[in-house]
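Q: These are the residues of each chain, in order.
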Amino acid sequence: MRHIPEDELHAYLDQGLSRSQAVEIESHLAACHSCRATRDSIAALRDRTTALLATLSPPRRLPPAFDSLRERAADRMTTRRRHARLGAWAASLVAAVGLGWTASALVGPGRIVSLTERTAPPVPALDTSAPKASVAAADTDEPRQGARPAPSPARRLEPTPVRLESSRPIPTVTQALEKAREDSIRAAKLAVLDPAPVLELSPLELRGSEQDKPLDGMWRTMSWDGAQSETGRSVPHIDGLPVLRVQVQATDQNKRPLMVVAQQLSDGQVIQTIEGPAADVSELLSRRGGTSSDGKLGVTVSEATPGIDQAMAMQLGDRMLAITGALPSDSLRAMIRRINAEMRSK
Amino acid sequence: MSDDLEKLYQSTYTAVVRFLYRKVWDAERAEDLAQEVFVRALAHRPDKPRAWIFAVAANLARDEARAAVRRKRHLTLLKGDPIAQPTVSPSADDSVEHDEKMASVQEALGTLTPRDREILLLWDAGLSYPEIAAQTGLAVGAVGTTLARARRRLVDAHDRQQNRTRLGDNAAHS
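Protein sequence lines correspond, in order, to chains A and B. Going by the numbering used here, the final residue of the first sequence carries number 348, and the count climbs one at a time with no gaps. Going by the numbering used here, the final residue of the second sequence carries number 213, and the count climbs one at a time with no gaps.
FYI, nobody ran anything at the bench for these hints, they're computed from the structure. Incorrect hints may appear among the rest.
Output of the computed footprint for chain A on chain B, the stretches with three or more beta carbons under 8 Å from beta carbons of chain A [what the hints assert, rightly or not]: (1) 50-57; (2) 193-206.
In silico negatives: residues of chain B with every beta carbon more than 10 Å from chain A [to be verified]: (3) Glu-103; (4) Ala-106; (5) Ala-107; (6) Val-108; (7) Thr-150; (8) Pro-169; (9) Thr-184; (10) Ala-210.
Because the structure is a prediction, the values reported are computed rather than measured. Heads up, the beta-carbon is just placed ideally off N, CA and C, and yes, glycines get one too.
Given the sequences, and given the hints that come with them, work out the whole structure.
A: Here it is as structure tokens:
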């Protein structure tokens, strides 16, 4: 008769086993004297640990009134909104200097911008001449929206060298920022010489407010390791941030599943990366906070502050990569490019 | 929703303070950080608030530890200054005993690997196996194994230390 390993008994006593596992252990315990003795000694060990840890407790004091914390939270959110615009600018500089794809669009709060990479056929070299170089350079005074009809050759699924994008002007920037902006424009002019993929930017309406929605049955919350083995190592995420949870929805047996990875920034803010078949991801995005209650894809995509929440999506063939969070759109855009580049390089 | 957070606050605030205290070893600081965690929860409205709160608490404690290292350098510089000794109060015997006991458990806890320690503290704070797994990136099946090891090490380290102290006392008496 196989005896129960000690760690399983720990898990059993901690109620960390499934019902069926627990039943199995109980029936073994009923028949096995030696395992019962082990269980008792482990129970004693657990109690001692708890008692030892209990000595490491600070003097107990009454918690402050919850309303005082509410006020602090409200104060902070007002301040954060004020800073958000400046933050957007700073983030766009980072995006401009460091990262990938050429694209430009002004994203206001409450709108999703989807970057759709087209698989346009290569066009003759002659056609690529005039408008391209001027695009990013001319881009600096007026906010741009919508598609840019760039006639440059499309390039798909290759890592691209540093290439640039002009940034989003903010009327209230100081002179120092003004100068920094000029620098980034200069960088943009240099970078645009590289052939860029054709990107179409289409703003989408974001519906409603951010309400939590329960997960539906088809979703599974997985461990990081489990998700990695299921998807063959490329779980969409940002390196170096703690992962709060991984949720997976299997679609087709042979295809990579739809995944939602929640990660936490150092300030506690949560961002979510979504990767999956394009139709599913866009449905997920358009449904978040939506009113429909049939909710097959009713997963909570955002736990961010209403009002400054953003989502950004990039379509690659029949897959779509999206990221959501209460961050300036430029930051999200920078992140999505980085994830995209990392996933391609694997 | 806000009410849910308030309920969670009433039920877990003490556990969050304790969790933080075992990382920063300063009661007041632990309380400040715990309040900070809940203020952030109010602003961010996480959908799994309990797990979220402990994840943020762990992050704050980590940042705090880094800051403490910087402060320590500064403190060593000031160490030469004379500091008034606190006078011993009549009831100090109990508290001295408690302090000693606490120091020994603290030391035993320090012998664990950071990961084992984290998982033990999360468990002691009331998180379930799946919650611990989600927060630490461990497979749910591995949580029991880790806890088994962590508990054994904590108790063994503490026992060894008590034996040492007893031997030391005996040597001093003879």
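Q: Would you mind marking each hint as holding or not holding in the structure?
A: Hint check:
no. : hint    : result
1   : 50-57   : holds (count 4)
2   : 193-206 : holds (count 3)
3   : Glu-103 : holds, 12 Å
4   : Ala-106 : holds, 13 Å
5   : Ala-107 : holds, 17 Å
6   : Val-108 : holds, 17 Å
7   : Thr-150 : holds, 12 Å
8   : Pro-169 : violated, 7 Å
9   : Thr-184 : violated, 4 Å
10  : Ala-210 : holds, 26 Å
Going through the hint list in order, the structure does not satisfy hints 8 and 9.
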